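A.B. asks: Sequence:
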Amino acid sequence: MIEKFRFYTRHSLNDMRVNGQRTIFALLCIAAGVAAIVSLQTLGTMITNSLTGSIQESNRGDIRIYPNAENDVPQKTVDRGRDEGVIASEGGYSQDYFSLAGLGQIQTWFASNAPGTEITYRQVTGETAGFIINNRANDKEQTFIMPFFIDAQKYPLYGERKSEDGKSLSELIQAPTDIVISRNLADTLDAKVGDTLGLSGATEQFTLRGIVPTKVEGGFENILGNIIGYYYVDLKTVELFDNSIKPGASEIYVKLDDPSQAEALNKDFETRFPYLSTITTDDLEEQNNQISDTVNQLVTLMGLISLLIGGIGIVNTMLVIVSRRTTEVAVLKTVGLEAEQVTVLFLVEAALMGVFGSLLGIVLGWVAAYAIKGVAETFLARSLTFEISLTPALTGFVVGIIITTIFGFMPTLAAGQVRPALVLRPTDMVIPKAGRARSLAALVFVMMAISLVAQPLISELVSGDSIKMIAAQAGGFLGLVLGGSLLAGGSFSSWTHHIWWRRIIRWLMFILGLPVLGSVFGMLVPALLILVGTFLAVGVLYVLLWVLIWSIGGGKLSDLWLWKLPKLRSLPLRILIAILSLPIWIINSVVVVFSIPFWILGRIIQRLAFVDLKLSLRSMVATKGRGASTLLALVVGVFTLSLITMLAKTMSDQFETLLKDQVGGNVIVFAAGAEDTLTAVREKLDNIEGVKSYSAVGTFEVSLKSAVDDSTGQRLTYDDLKQNATAVDEEHEEWLRWAFAGVDAREIGPNLPDVKFYQGRQLDASDVGPWNPEEGNYPPIVIGADQAVIATGLEVGDLLTFEVLPGSESGAFNTGDNPEITFEIVGMVDKRANVDVNFGSSNYAPEEAFKAQGLAPSSVAAVVDIDEKQIRTLRREMEDLPLAFVMETRLLNDLLNRFIDQFTSFPILVAGLSLIVGGIVIANSVALSTLERRREIAIMKAVGLQRERVLGMLLLEYGLMGLIGG
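In this text, residue positions in the sequence shown follow our numbering: the first is 1, and each later residue adds one.
These aren't lab readings, by the way, just hints derived from the structure by calculation.
Do not rely on the hints blindly, as some may be mistaken.
[What the hints assert, rightly or not] Label-pair distances were calculated between CB atoms; the ranges are:
1) VAL592 x GLU733: 47 to 57 Å
2) ASN289 x GLY20: 18 to 28 Å
3) LEU512 x GLU733: 36 to 46 Å
4) PRO750 x ALA923: 26 to 36 Å
[As the list claims (entries may be wrong)] Straight-line distance between alpha carbons at most 25 Å, and here's what the computed DSS-like set of lysine-lysine pairs gives:
5) LYS215 x LYS255
6) LYS76 x LYS154
7) LYS215 x LYS76
8) LYS140 x LYS869
9) LYS267 x LYS255
10) LYS236 x LYS167
11) LYS869 x LYS692
12) LYS851 x LYS684
13) LYS140 x LYS684
14) LYS684 x LYS869
15) LYS556 x LYS614
16) LYS267 x LYS162
17) LYS255 x LYS236
18) LYS162 x LYS76
19) LYS649 x LYS756
20) LYS76 x LYS267
21) LYS705 x LYS76
22) LYS614 x LYS692
23) LYS162 x LYS255
24) LYS154 x LYS255
25) LYS154 x LYS167
26) LYS614 x LYS941
27) LYS468 x LYS162
28) LYS192 x LYS255
29) LYS167 x LYS215
30) LYS851 x LYS705
31) LYS236 x LYS154
32) LYS76 x LYS140
33) LYS167 x LYS192
34) LYS192 x LYS140
35) LYS215 x LYS192
36) LYS255 x LYS167
37) LYS162 x LYS192
Small disclaimer: the values here were computed from a predicted structure and weren't measured.
All C-beta atoms in this analysis are idealised placements derived from N, C-alpha and C, irrespective of residue type, glycine included.
Please model the complete structure; the sequences and the hints are all you need to start from.
C.D. replies: Shown next, in the form of structure tokens:
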């Protein structure tokens, strides 16, 4: 046995040396696939280390406290937090925060239960105040930035936030007008230390004291800051915002004297304050472990796909090796080697290629991991430290060898079928076929073998019971296919000796035994389900590419029938195979019908094409099988990249269109001082050249009290509506609360949103009143109709009664002695699938309805349609009003584009790696094909063709192949 293995090894190494060019091509395919899996797994290890290291610093304390209750906390408990004065609300959509009194209660509790505890917090901000920053020196501006109002002398409790020149926040921020910004924000504003910056809603200007690296505040909780930018100012800065920011905290950070007591102390804290939510370091570590495990599984899966793509190159290489060595194989069989030994010989060569290719791939993988680290940092919004880990290298090495051997298995089956008589015909290069039954059985074996390799790598992704059940069914089907193939191939037929009970055992073993074993295999190895799905998708793509190459190249119609019933004497076996083949015949018929138009096109091309094109087309058809398998590598990468980029482009264009239609203008002017500021804004707009139209929008904070069904006259309370909605989906409760938290008062004019209606109509000039509720004449309202609102049963014609709330108290659950107003629904905007880009409420009514009752909005703004060239002038005019600030609606689209770029960077990177591997596979195939056709090329040159013309025909052929694949 050992002597045979030595012979196989020496023979394989010698062949690899002699056929150096083909060996190099194969090694590159293997190395590219292994490099993909090693680089992505190394990246996953770096991500894991980043997420699970410095937990206290990531959490900004041992315990982080939020003013929002957990989802399963009853509303009465949440109301208790407000009653006790711990929680307050700000804005039209119930932004909860810790009041100063609540901060005091929490500090007192920790002082009593955990002496030595240090506490600091992040100041809550208003709906718009502090979210826009501009550089006065160059008039550059950025919207939707993340503000950090913190105690610069305490924050952060763990770690440090240092500027690029090494100074801490406590050194940089000494006065209320001092500000420190992130590097990405500084680049956007083109700002330098010492510049004067302005914040929306602030009454004074700020001096830039320092710039911190963007990744200093890393993590998904600050994803917006890492995309757009953020800044630090001191808590005392709140005084400069003229009451547009209420004193209070959005987050509280706790540093314990004994961090080991965090979990026990947190339980006591939750018992005392059940209406608050907390995150301890253990909670964050568990979350981060889940994220890192998921990321590792996904990147490993994508790396495995890249390696499988590289396997196509291995198959092509082994096919060429077998075809070039048919005479050698015949000689080996003449001197006594059996078919199985020849197959083992080629498998050993494939395994050795896997060893050398994997070693090369490991080195390339480490280089690639270092190169793509920056993309992963952008995607995760945190810094990563490059490190070489042995686990990804070992995984890549083992998987690379196994995958190479598995993919080299099917081509080597044909090598075992070479007949010794071929020695007498050394010029005959025809490779004998392994047989359909044997090939089908081998394909099933390959799928099961690869699923065994994939299972430990992606076990978390396929761990569900439902997935296991489906995988068991897939395994049973594969077992049936394998059994049918083995029966058709005559396996164990000699054992029966025509004895009837042995025949029955053989049939039961293949028809019942193998499906049962396959089901058990699928249950234990659910990765089989992914492999079956992948092979089916690849099979469809292969057939499609094969048909396209055949049709464009002008192939014969007889080639289209891909499956023929084998010639067998046993009638039951023929019937069984016919039944099993029925789905294939149906698919084949569909392929034939689909292919006819392309075949006609190919025939026309053959008639009209010049000689060089005809030769290229015929060469392409002659190797259509290999061409289709090679183009699979290109199609996978191109398809993934195209899908990602097209989706991103579609989302961006859709959002841009929605902005133009729904907002009603290209500029929004926010007036922090409500009516007085809005009056000043109107005076400015009346005198600015280029203003086409504008309208005021006032947002009222409301609570839905009841509704009256127009068809039945039944009055429904808010609880009744909530019950209707939650009967459809329990998640509708929270959506319903947000849906009716506010109503916009709008001027009836050209700046009304251009939207698609689910029911009813838009407001028009006839809707300005007056109204007489006593006579059943109510002011109209247009509401947003998302799934939650539709589930309540509300329709056009129904009446809605709202309680108008003070600005400091809002939300659907608040009640009190506040004024009420009743509207009639005249329109319902379809929001079932659209992106909601309202800057205020989804509901709007004529402003006259509110003025008639003397109601004042909690916040106001002006929607302006102005010439793009005059926006700069508008901005400068508004600088004279300290409580007014301007936002261009295009900035919303820019924000979306940045989010898209952020979250597509990593998928594009992974798809790019697959495309690179595919490119190497194609280069390998082209090189092998050229080597195979040296005699053909020599003949063409012998009859007088210049090498430029021959090269042109080759380029034309591969160009057509690339066009088909693309």
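A.B. asks: Determine for every hint whether it applies to the structure shown.
C.D. replies: Hints and how they fare:
The hinted range of 47 to 57 Å is satisfied by VAL592 and GLU733, whose Cβ atoms lie roughly 55 Å apart. At about 47 Å, the CB distance of ASN289 to GLY20 disagrees with the hint of 18 to 28 Å. At about 52 Å, the beta-carbon gap between LEU512 and GLU733 misses the expected band of 36 to 46 Å. For PRO750 and ALA923, the hinted distance range of 26 to 36 Å is not satisfied, since their beta carbons lie about 59 Å from each other.
The straight-line distance between the Cα atoms of LYS215 and LYS255 is roughly 23 Å, inside the 25 Å bound, and the hint therefore holds. Under the criterion of a C-alpha separation no larger than 25 Å, the hint pairing LYS76 with LYS154 is inconsistent with the structure, at around 35 Å. Between LYS215 and LYS76 the alpha-carbon distance is near 40 Å, which puts this suggested pair outside the 25 Å criterion. Restraint check for LYS140 and LYS869: satisfied, since their Cα atoms lie roughly 15 Å apart, inside the 25 Å limit.
Only pairs whose Cα atoms come within 25 Å are accepted, and LYS267 paired with LYS255 is accepted, the gap being roughly 16 Å. Proximity of LYS236 to LYS167 is assessed by CA-CA distance (about 21 Å); at most 25 Å being required, the pair is judged to hold. For the proposed pair LYS869 and LYS692, the alpha carbon gap of about 12 Å is at most 25 Å, so the pair holds. Only pairs whose Cα atoms come within 25 Å are accepted, and LYS851 paired with LYS684 is accepted, the gap being roughly 23 Å.
Annotation: proposed proximity of LYS140 to LYS684 holds, straight-line Cα distance about 21 Å (limit 25 Å). Simply put, LYS684 and LYS869 have alpha-carbon atoms about 17 Å apart, close enough for the 25 Å limit, and the pair holds. Between LYS556 and LYS614 the alpha-carbon distance is near 15 Å, which keeps this suggested pair within the 25 Å criterion. The hinted pair formed by LYS267 and LYS162 fails the criterion: a straight-line CA distance of about 34 Å is larger than 25 Å.
A distance of roughly 22 Å separates the Cα atoms of LYS255 and LYS236; the hinted pair therefore holds under the 25 Å criterion. In summary, the hint linking LYS162 to LYS76 is not supported, as the alpha carbons are separated by about 44 Å, beyond the 25 Å threshold. Proximity of LYS649 to LYS756 is assessed by CA-CA distance (about 22 Å); at most 25 Å being required, the pair is judged to hold. Restraint check: the Cα-Cα separation between LYS76 and LYS267 comes to about 20 Å, which is no more than 25 Å; the hinted pair holds.
Between the alpha carbons of LYS705 and LYS76 the distance comes to roughly 18 Å, so the proposed pair stays at or under 25 Å and holds. A threshold of 25 Å between alpha carbons decides the hint, and for LYS614 with LYS692 the separation of about 62 Å lies outside it, so the pair is violated. Between LYS162 and LYS255, the direct Cα distance comes to roughly 20 Å. Compliance with the 25 Å bound is thereby established for this hinted pair. In summary, the hint linking LYS154 to LYS255 is supported, as the alpha carbons are separated by about 11 Å, within the 25 Å threshold.
A C-alpha spacing of about 15 Å is found between LYS154 and LYS167, which places the hinted pair at or below 25 Å, so the restraint holds. With a C-alpha separation of about 17 Å, the suggested pairing of LYS614 with LYS941 holds against the 25 Å cut-off. With a CA separation close to 50 Å, the supplied pair LYS468 and LYS162 exceeds the 25 Å bound. The straight-line distance between the Cα atoms of LYS192 and LYS255 is roughly 34 Å, outside the 25 Å bound, and the hint therefore fails.
Under the criterion of a C-alpha separation no larger than 25 Å, the hint pairing LYS167 with LYS215 is consistent with the structure, at around 16 Å. Restraint check for LYS851 and LYS705: the C-alpha separation of about 20 Å stays at or below 25 Å, so the hint holds. Between the alpha carbons of LYS236 and LYS154 the distance comes to roughly 14 Å, so the proposed pair stays at or under 25 Å and holds. Our distance criterion of 25 Å between C-alpha atoms is broken by LYS76 and LYS140, whose separation comes to about 47 Å.
In summary, the hint linking LYS167 to LYS192 is supported, as the alpha carbons are separated by about 15 Å, within the 25 Å threshold. Between LYS192 and LYS140 the alpha-carbon distance is near 13 Å, which keeps this suggested pair within the 25 Å criterion. Of the supplied pair hints, the one linking LYS215 and LYS192 holds, its CA atoms being roughly 19 Å apart against a limit of 25 Å. Restraint check for LYS255 and LYS167: satisfied, since their Cα atoms lie roughly 23 Å apart, inside the 25 Å limit.
With a CA separation close to 16 Å, the supplied pair LYS162 and LYS192 stays within the 25 Å bound.
In this structure, the earlier hints numbered 2, 3, 4, 6, 7, 16, 18, 22, 27, 28 and 32 are contradicted, and the remaining ones agree with it.
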